[in-house]
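Chains as they are written, first to last, in our numbering: chain R, 1 to 479; chain F, 480 to 712.
Don't take each hint at face value.
Stated by the list, open to error - Below, in silico cross-link-like pairs of lysine-lysine (DSS-like), each with a Cα-Cα straight-line distance of 27 Å or less: (1) K667(F) x K83(R); (2) K664(F) x K643(F); (3) K661(F) x K643(F); (4) K83(R) x K242(R); (5) K376(R) x K16(R); (6) K496(F) x K57(R).
Unchecked claim - Listed below are several chain R residues computed to face chain F (Cβ distance under 10 Å; list not exhaustive): (7) P46; (8) K57; (9) I250; (10) D293.
Hints were generated in silico from the structure; no laboratory data involved. Positions of the beta carbon are idealized from the N, C-alpha and C atoms, including for glycine.
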Amino acid sequence: MSMEVTAQNFEANAAKALRDPNLRKAMGIISGPMASRRVETARELPEFEALRDEGVKIKNHVLQHIDLYLEKFEQQLTARGGKLHWCRTPREARETVLALCRSRDAKIVTKGKSMVTEEIGLNDFLLEHGITPVETDLGEYIIQLAHEPPSHIIGPALHKTREQIADLFEEHHPDYELNGKKAGTRSTEPQVLVTEARSVLRDTYFRADVGITGANFLIAETGATVIVTNEGNGDLTQSLPKMHIAVSSIEKVIPTLEDLSTILRVLARSATGQEMSCYTTLSCGPKRAEDIDGPEEFHVVLVDNGRSEMLGTALQPLLRCIRCGACMNNCPVYHSVGGHAYGWVYPGPIGAALDPHMIGLETARHLPNASTFCGKCEEVCPMRIPLPDIMRHWRELAHEQQITPPLQRWGIEAWAFAAKHPWLYRLGARVAIAALKLLGKDKGRIASLPLASGWTDGRDFPAPQSADTFMSQYKKRSH
Amino acid sequence: MSSSRDRIFATLRAGLKHTVDDPARPAAVAERIASHPRNLLPQRAQLPHAEQVALFTAKVEALTVTVDSVAGVADVPGRIADYLARHNLPSRLRVAPDPLLQSLPWSERPMLQIDYGGGRSQDLVSVTPAFAAIAETGTLMLQSSSTTPTTLHFVPDHHIVVLKESQVTGTLEEAFQRLRDKLAKSDKDWVENWPRTVNFVTGPSRTADIEGVPVLGAHGPRRLHIVLIADGA
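Chain R extracted, bound-state conformation (with noise of 0.2 Å):
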């Protein structure tokens, strides 16, 4: 019971997205300011490029001794007072959570922004349990407050209008009352929505028995876990509970403070274009005896969830991402269709990569195909993960499996064979462009084409200028 899955439907949700104004209005901040950031800040910093290359170096070295550093990240943990509890499923990582909420008898939990708590579908699964949990991180309280799952990795809510978001306040909030604004009235203003949401959040923060946040790294040296955030709500979500857990993933794991260092250097400017996050926080292990804050027990959930298949296979390149979000903000299919059209936790270029081996090819089939191939993701991305190639992977297993539709399968194969026979490829060219030019008439366009609806449903289809073909206009030219 994750989060809901609706990749199947890829086709009618992309449909849908296309015709909501409200998300046109949302694609346009993501394809335009937050993909200017990234390459503002990277200018910047002369050493970018260089640095994208020893990040690409530290993950490829990390997995080549995956399973030494994670052993490594254990023992630096476990002796520093800290737990760790391996998770091979989603059903066994949300049951080790909802242990340890009920060993603290926790009615409330806070959470900080987690995508592999999404993965994991670990809300409702506390919600049935009868766990309140409350995500504390805007955006996430936002989709929260609206039932939704997160359209995009490091901005959940992005989707969303500020009247949207107002509507929500109103809706939920109804005795708020705070700096000016009286209970019922109504501000569109975000200054003024996100001073709301800090006075409403401001007492569960205390109130919580357990704080739950996610980990963008685990360091073997030290056995702590890092976060990078820049709202402070992780951060309070974990230093006000008695217990703090922090759900991650095994391939999260880089052998050394120098190596995180590194690592920072990129993320924040392919992620939201600043050079730090405001807060990136080392944790590690419950507070110590003379400490005067800080959680009393300290537990790591290491979620595998298919990650340890994907060693040695065509699928390693993918344990190299960082969660940063640039492949999405810089593609034009999600710019187009958003995140929620994807149907599950991971959208964009990276959940057409990543979706078809955790929730299986034939639910996540279109994802691939999802793709211009224009090559950008692969060009953001700071582990240089060949997103494209990837792609491509998973449509040839597609083919093969005789998961793509039969009509579109024999379509390839015909063209396959004519491809391999140039002169049945020539005479088919030919026939082709004599039936074009005739449906084009005089007007030199085609208004609809059987089987081409898809095209010509929105917009004409030229038709050609010559009943030639290129072979034999190349011929006429070359004489």
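With chain R fixed as given, assemble chain F onto it according to the hints.
Just chain F now, kept in the frame of chain R:
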């Protein structure tokens, strides 16, 4: 039935294929941890110390952090009182019970109410030391300890950091090394003394979760103020 841990490791080791039993692997991992080599360091902060301080100040100011440079520790209470007056704040401070901060001549400012301890919901202004500062990005490095509670860095609306110029370093790597050196001074290995929390703070709390519009003061401090004590003071 084998444990999840065993099964995860078995799958990982299968994925490593023929390299899994390479005796060089454990040695490579042990060596990397022991020597923790630095990767490429950007040129930006490879500067004489005075220029690192100037770079740090420029970087934090670009993030809306205010910096008040003082000649010596004796000036700190007065400057903090000025800050409170400037922002129309009550004269109550929640202060980290740190030796440097406790030694400040607070009594010269009898209007200030000084209260030592961790962050509580009613605290509006905190005063804390920092462990180091990083010029490259305008970042403060703070650690938890018996005298520096982490909650003071996040709960109050205003966070005032008392920093000495000598604490400014160039890079994250140098700051980490300073912490290792400090922790190694006792009888144990540095890693055994590693604190529960190390915070890197780069500017005040912010969010862009509503339509990508940057807004300060999401959940952590709305304002970050640094009182910077000159070297040799």
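Hint check results:
no.: 1; hint: K667(F) x K83(R); in the structure: 22 Å, holds
no.: 2; hint: K664(F) x K643(F); in the structure: 21 Å, holds
no.: 3; hint: K661(F) x K643(F); in the structure: 16 Å, holds
no.: 4; hint: K83(R) x K242(R); in the structure: 15 Å, holds
no.: 5; hint: K376(R) x K16(R); in the structure: 25 Å, holds
no.: 6; hint: K496(F) x K57(R); in the structure: 20 Å, holds
no.: 7; hint: P46; in the structure: 7 Å, holds
no.: 8; hint: K57; in the structure: 8 Å, holds
no.: 9; hint: I250; in the structure: 7 Å, holds
no.: 10; hint: D293; in the structure: 4 Å, holds
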